[in-house]
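Read off the chains here:
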Amino acid sequence: MSGDDAKITVTINGDEREVPAGLTVRGLLAHLELQEGTVVVEWNREIVRRDRYDDVDVTAGDTIELVHFVGGG
Amino acid sequence: MSGDDAKITVTINGDEREVPAGLTVRGLLAHLELQEGTVVVEWNREIVRRDRYDDVDVTAGDTIELVHFVGGG
Amino acid sequence: MSGDDAKITVTINGDEREVPAGLTVRGLLAHLELQEGTVVVEWNREIVRRDRYDDVDVTAGDTIELVHFVGGG
Amino acid sequence: MSGDDAKITVTINGDEREVPAGLTVRGLLAHLELQEGTVVVEWNREIVRRDRYDDVDVTAGDTIELVHFVGGG
Amino acid sequence: MAAESKDIDTFDEPLRIGGHEIRSRLILGTGKYIDNETMVEAITASGTDVVTVAVRRVDLDRTKEEGVLYHLDPKKWFLLPNTAGCYTAEEAVRYARLAREAGFSEWVKLEVIGDQETLLPDVEGLLEATRTLVSEGFKVLTYTNEDLITALKLEDAGAAAVMPLASPIGSGLGLLNPYHIRLIKSRLTVPIIVDAGVGTASDACETMEQGVDGILMNTAIAAAKDPVRMALAMKDATRAGRLAYLAGRMPKREQAAPSSPTTGMLD
Amino acid sequence: MAAESKDIDTFDEPLRIGGHEIRSRLILGTGKYIDNETMVEAITASGTDVVTVAVRRVDLDRTKEEGVLYHLDPKKWFLLPNTAGCYTAEEAVRYARLAREAGFSEWVKLEVIGDQETLLPDVEGLLEATRTLVSEGFKVLTYTNEDLITALKLEDAGAAAVMPLASPIGSGLGLLNPYHIRLIKSRLTVPIIVDAGVGTASDACETMEQGVDGILMNTAIAAAKDPVRMALAMKDATRAGRLAYLAGRMPKREQAAPSSPTTGMLD
Amino acid sequence: MAAESKDIDTFDEPLRIGGHEIRSRLILGTGKYIDNETMVEAITASGTDVVTVAVRRVDLDRTKEEGVLYHLDPKKWFLLPNTAGCYTAEEAVRYARLAREAGFSEWVKLEVIGDQETLLPDVEGLLEATRTLVSEGFKVLTYTNEDLITALKLEDAGAAAVMPLASPIGSGLGLLNPYHIRLIKSRLTVPIIVDAGVGTASDACETMEQGVDGILMNTAIAAAKDPVRMALAMKDATRAGRLAYLAGRMPKREQAAPSSPTTGMLD
Amino acid sequence: MAAESKDIDTFDEPLRIGGHEIRSRLILGTGKYIDNETMVEAITASGTDVVTVAVRRVDLDRTKEEGVLYHLDPKKWFLLPNTAGCYTAEEAVRYARLAREAGFSEWVKLEVIGDQETLLPDVEGLLEATRTLVSEGFKVLTYTNEDLITALKLEDAGAAAVMPLASPIGSGLGLLNPYHIRLIKSRLTVPIIVDAGVGTASDACETMEQGVDGILMNTAIAAAKDPVRMALAMKDATRAGRLAYLAGRMPKREQAAPSSPTTGMLD
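Heads up: the protein sequence lines correspond to chains A, B, C, D, E, F, G and H, in order. Quick note: the first sequence uses my numbering, first residue 1, plus one each step. Quick note: the second sequence uses my numbering, first residue 1, plus one each step. Quick note: the third sequence uses my numbering, first residue 1, plus one each step. Quick note: the fourth sequence uses my numbering, first residue 1, plus one each step. Quick note: the fifth sequence uses my numbering, first residue 1, plus one each step. Quick note: the sixth sequence uses my numbering, first residue 1, plus one each step. Quick note: the seventh sequence uses my numbering, first residue 1, plus one each step. Quick note: the eighth sequence uses my numbering, first residue 1, plus one each step.
Hints are computed from structural coordinates only; laboratory data are not their basis. In this text, all values refer to a predicted model and were calculated from it rather than measured experimentally. Just so it is clear, CB atoms sit at the ideal spot from N, CA and C, and this is done for glycine as well. Check before you lean on any hint, since a few could be wrong.
What the hints assert, rightly or not - If you want a taste of the chain E side facing chain D, the calculated C-beta under 10 Å gives, among others:
1. 174
2. 178
3. 264
4. 267
Between the sequences and the hints, there should be enough to build the whole structure, so can you do that?
In structure tokens:
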């Protein structure tokens, strides 16, 4: 058997979600079909620069916030 | 038969009314149970002074206005 | 002696003035060096249309108002 | 010669003043002809209760503030 | 009331209209009260000396109680009849004559209304009616708008007092145009009594601060949730505004200025 | 004064600050009067129960007459010391302690000024000083600006009353921001006393109509041409505004509404 | 100016008075400018289509340059003669006839002044003169006060436009009485052009927001420190007020309402 | 737009905040529009160079279209992120850092809200967050209240611009306190941009006439019946107010002054 379909649970934008194990932040954004340019990633309360998307691994129990700009005054 | 119960029609405050024939203004006020002190009489567009109440006869077709003071600003 | 230099006195815009005798309204405007187009003539309280400038003679004692447009609100 | 007329210098309400040596706060108020009831005494930045006027000695170099109520909004 | 009287005597003089002297500068209407008891109580609380009344047909079919004289003692209050509801000079003159015949006085509050929706006056009608009534010996207090020119003409016509509005009758919008009210007061010699539009106490106070001689109101008191309490408020507010005008207010400053001494501070 | 008292008892309840009960809703400052006689006469005319005083150095070289206690009987008026002129929390606390030592009470009107030109409060300093003084058992009436958030924090800090300004001290510009004053009143439970900026009677009347509990003023009376008459005007105006608020004003209408019956007119 | 025109065409329709169509809702007077160059520059900057002129005697002793026609090209601007300075209907009619004789049009801005100090109109004179001039075929734009009743009568008399004042001529006090201006607009069908009293751009903007059809001003521009810049400001302000009126403003709220989403906040 | 540009170049200089230059003095929020098309059309009509945006969670379950970047081209408009919805300094700082990470700039419109009902700022939180963000190299535009003292402290703390409110966010109550806005402008050197409360064009015009450097609004346009037309009105009104301020308004006069010559009248 392979670990390909292994899942971990992380908290994204306040909701617990199952995502594939072994993803980097870039992998997570791809998995969620989010276009990198428009999203900012906060990983366990720490902002992840775009140039570090490949260096940061998403592991079980992580708390991730994915934010962008919306209309506001 | 006597004329005691003879009636005439006059217009008082806009309404046609039957009143006994042969009344003076004073008699009319008494007939209508109006207290003289508080009412002003206009008889055929002419104001009737209190001291002339006995001199003015009410005849058929007369137009009479009986007014007094009411609350107003 | 000729009447060429005969003078008459008329009241123009409130002031008595001597002007040559025998002028028409058109002649008067020329005498005063006023450009016809911009002036309106009131002659003895009666407005003189432009087309009648030649018909109206200025005679002694006339009261003439010459008005135009000035800046105003 | 006696020390009766010995003087010390203290700062009262911002001005340096010579006052007799050996005064208590009560003595100082008397010396300044101030009526006790209406004045509050701050001695070296510390408020002196009325019942301690006899216990506090005024010594050279003390900074004393004597305040009262004046008209104000 | 001793204290009260002393205040007035010391701090203000009575209002004079024609020969008449009035101690209170507040005049009240008597319309629109929920009941006659409230009306009398409010009028009493207001301290007014003069109340207005309207001239209307006797209702021959209803109890005779409706007449306002059954509730207001003419010895206690001066009754000032109005010509409310009249849309022509002729009509207003007719009502004024009937009012005089009631025998209380030759005084009348003249109204000639120009428009049913706004109850704004018809100044042409006002001038005509004022001239007629003055020639018949009436003392005419004229309800008018804020127009100085009309006010000057009404004075020339012999009006005993000119009564410009603060805002439309019964609107409670307050003093919409203090500038024009001050203007009228500054140019006329007869008393100026602001009539109609006052909605609450500060409106009355502000109005009197313009220097006018008095205020006439009705709805602001009759339509308040608690008319008697509002009547008391209006009494105080009218006097407050008058006294403030006489006292002469402090100048306004764009900068602040301390109320306590800036000297004598501690080190 | 019987009539007066009856009015109050019937038409309004006393103002309660901390445990204290005050009958008049008008509080007066004692600064800037041309002379002490005028000050006492004006304070008396105003009917106030509470007057503010400042804490300053005794002038050792001048007559002792200057002390305000020589003119104001503490039995007749409650003396409320202020911290006017203080620019830091520490300074204000020092003045408050000295004031308390004078032995009249633990009440203080707290001012921490943030700018000499406008005398506007420093809200950070106010909050710090309020916390300190409350912890030392003072009853603190805090002069502040129109900011609701600061007012809520002052209440949390234990202020006995919150005193937002109508406009800058001594400006006489009147109630610049009724909206925020209403807002503060609607959200706090401690008494709201508008302090500073009132210039004339209608300002006081309008201020009380916002529903606040009282007004504190000084310059409007002291700098009026006739301070005593203005004091009387302010007494009436404050009460008028309060009563109007309690009475509940008529609704405003864009249309007019007749005060006299529209029926019963003649043909 | 392409963008400009597009705006107007898309967002507003032209003002129609009588048969005439005017693209700009701002009408300018031509008096009181420091010099003719500034006048022409300001008028040009304002984008107006119509300017008013006065009728006066030719000065026989001075240079002929004084006539305004030497500076204003009647092909570029519609010249609207006024009857300023006339105190009777008869006088105003005389000036109107002389103005028409100048041959530009039968339009006249009618003024009948009732008082030298305030320059307020004499409404009786206005009505008489309007009737006479209309019967002689004039198109009469009548300067009047804020009185609805007079405005209604002027419309009945045949006025092509009614022009109530914002405040007295040359005062710059702004819109003293928006309520009455709205009232007049709501009841008349002819165009309402507010004439006189506007002092700065926000006055013009607020005036147009009342829904009126246009504004006539003179002193606000001529007496500004920089008339040309103020003319540009007035052009923008007039259009801004008009567009805001047509756009329909947001409702006022006593409570706040966030402009940014309240959901999607981080934990 | 040639004419437009010429006007600006001739009659006003651009607004400078920090190093940045902005041609339009009107800044718009992007919230509360019925749809994105209307938002973009209104923003375009307004002529603004800068629009504010909020930072919120991506909605993982909804279409990706919701992001404002799908509708607003960052090359056309400078995007100014706000910290709306933050109730503490710490929270606001967190949002500001996330916003900067989006990579457009180090600019942020700082909000620290003190109360959910009124959305009024917490000045203590504002000061703390401003100091932190400035130390991290942010350019901070701070939304604050009308308090001069707080404004002065924000400037000391390094704010690039201070943005006092006209009235509460989304209320549309207009400029409640022109006096304090003028005061802040007169005492600070950084740009003053009035933020929140403007309801209609005349509010914007009057606000700019106080001499402030710009206006930020959202609801007044988004919640107008016709947002695009209102956006155009606001563009004109903002410029009109600015130009009127620069032009220098005529002095107000209590008396009238004729606009037409008083000489040269006929006999």
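Structure-based check of all given hints:
1. 174: Nearest chain D Cβ about 30 Å off; hint violated.
2. 178: This hint is violated: residue 178 of chain E lies away from chain D, its Cβ roughly 29 Å from the closest one there, beyond 10 Å.
3. 264: holds (7 Å)
4. 267: Hint holds; residue 267 of chain E Cβ to chain D Cβ min 5 Å, cut 10 Å.
Violation of the numbered hints given earlier is confined to hints 1, 2; the remaining hints are satisfied by the structure.
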